[in-house]
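With our numbering as the guide, the letters of the sequence shown map in order to residues 44 to 257.
There's no promise every hint is true.
[Claimed, not checked] Here are the computed lysine-lysine pairs in the DSSO-like style, where the Cα-Cα straight-line distance is at most 30 Å:
(1) Lys79 to Lys135
(2) Lys213 to Lys110
(3) Lys254 to Lys79
(4) Lys110 to Lys54
(5) Lys179 to Lys213
(6) Lys79 to Lys54
(7) Lys135 to Lys254
(8) Lys54 to Lys179
(9) Lys254 to Lys54
[Said to hold, decoys possible] Computed Cβ-Cβ distance ranges for the label pairs, DEER-style:
(10) Gly194 to Glu66: 43 to 49 Å
(11) Asp141 to Arg80: 18 to 24 Å
(12) Arg170 to Asp141: 16 to 22 Å
(13) Glu66 to Ser109: 33 to 39 Å
(14) Ile59 to Gly180: 30 to 36 Å
(15) Leu53 to Pro105: 17 to 23 Å
(16) Arg176 to Glu212: 17 to 23 Å
(17) Leu106 to Glu70: 31 to 37 Å
(18) Asp77 to Lys179: 46 to 52 Å
It should be emphasised that the hints constitute simulated quantities derived from the structure, not laboratory data.
Note that CB positions come from ideal geometry on N, CA and C, so glycine has one too.
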Amino acid sequence: MSLTTSPVALKRLGLIDYEQAWELQREIHREVADGKRPNTLLLLEHPPIFTAGRRTLDSERPLDGSKVIDVDRGGKITFHGPGQIVGYPIIKLRDSFDVVGFVRELENSLIEVCREFGISAERYCERSGVWLRDEKGDRKIAAIGIRVARGVTMHGFALNVNPDLTFYEKIIPCGIPDAGVTSMANELNPAPSIEEVRPVLERHLYEALAKVSS
44 MSLTTSPVAL KRLGLIDYEQ AWELQREIHR EVADGKRPNT LLLLEHPPIF TAGRRTLDSE
104 RPLDGSKVID VDRGGKITFH GPGQIVGYPI IKLRDSFDVV GFVRELENSL IEVCREFGIS
164 AERYCERSGV WLRDEKGDRK IAAIGIRVAR GVTMHGFALN VNPDLTFYEK IIPCGIPDAG
224 VTSMANELNP APSIEEVRPV LERHLYEALA KVSS
């Protein structure tokens, strides 16, 4: 599905501060819920920042004074930074109660992106996001955390293309102490660039969101 035929409007924002993007999300969310704007997908990168979902424990936060923004999504604490493709689908769900189905479509699209680049990723039934599970251990390559209000989604996912993974050492990512974090760059040689991954991601996201949006 191409941009011209997709029911979702795309906004590529480049590098943008988290608070600025969050305010834009809230504005677009109101307009989508009110029927004043089409379903919208924001794709962007953030400067380094930690964000904490509603279930984050104090013990999972950084101990070095790093800034953490508390947000109204599900999930726990995670890192955002350059080298990630962050996506915020703001869409009116066809079935406003099928939140699990929406998350599964996001996971499927990210799994397919990884597969196109030669990475065998999968869903982990007990844990959200997209994972690699092999002799190297369990490690997350994409995180997902969403919120649904008035039948419209916000927040979304972060796909690790080539971020600085050392930031994750300051936290317990997603509240999971017994698993690691990885990136496409960590798994592939040569590593793909954001510019190479983004169009593949957009294609799979259009297909996924068309299945669940109204």
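Right, here's what the structure says about each hint:
1. Lys79 to Lys135: holds (12 Å)
2. Lys213 to Lys110: holds (11 Å)
3. Lys254 to Lys79: Given pair Lys254, Lys79 holds - Cα atoms ~21 Å apart, limit 30 Å.
4. Lys110 to Lys54: OK: Lys110 and Lys54 at ~27 Å, within 30 Å.
5. Lys179 to Lys213: holds (21 Å)
6. Lys79 to Lys54: holds (16 Å)
7. Lys135 to Lys254: holds (12 Å)
8. Lys54 to Lys179: With Cα atoms ~37 Å apart, Lys54 and Lys179 exceed 30 Å; violated.
9. Lys254 to Lys54: holds (20 Å)
10. Gly194 to Glu66: 43 to 49 Å: Hint violated: Cβ distance 21 Å, outside 43 to 49 Å.
11. Asp141 to Arg80: 18 to 24 Å: holds (22 Å)
12. Arg170 to Asp141: 16 to 22 Å: Check passed, 20 Å falls within 16 to 22 Å.
13. Glu66 to Ser109: 33 to 39 Å: Check failed, 22 Å falls outside 33 to 39 Å.
14. Ile59 to Gly180: 30 to 36 Å: holds (33 Å)
15. Leu53 to Pro105: 17 to 23 Å: violated (33 Å)
16. Arg176 to Glu212: 17 to 23 Å: holds (21 Å)
17. Leu106 to Glu70: 31 to 37 Å: Cβ of Leu106 to Cβ of Glu70: about 34 Å, so the range 31 to 37 Å holds.
18. Asp77 to Lys179: 46 to 52 Å: holds (47 Å)
Hints 8, 10, 13, 15 from the earlier list are contradicted by this structure; the remaining hints agree with it.
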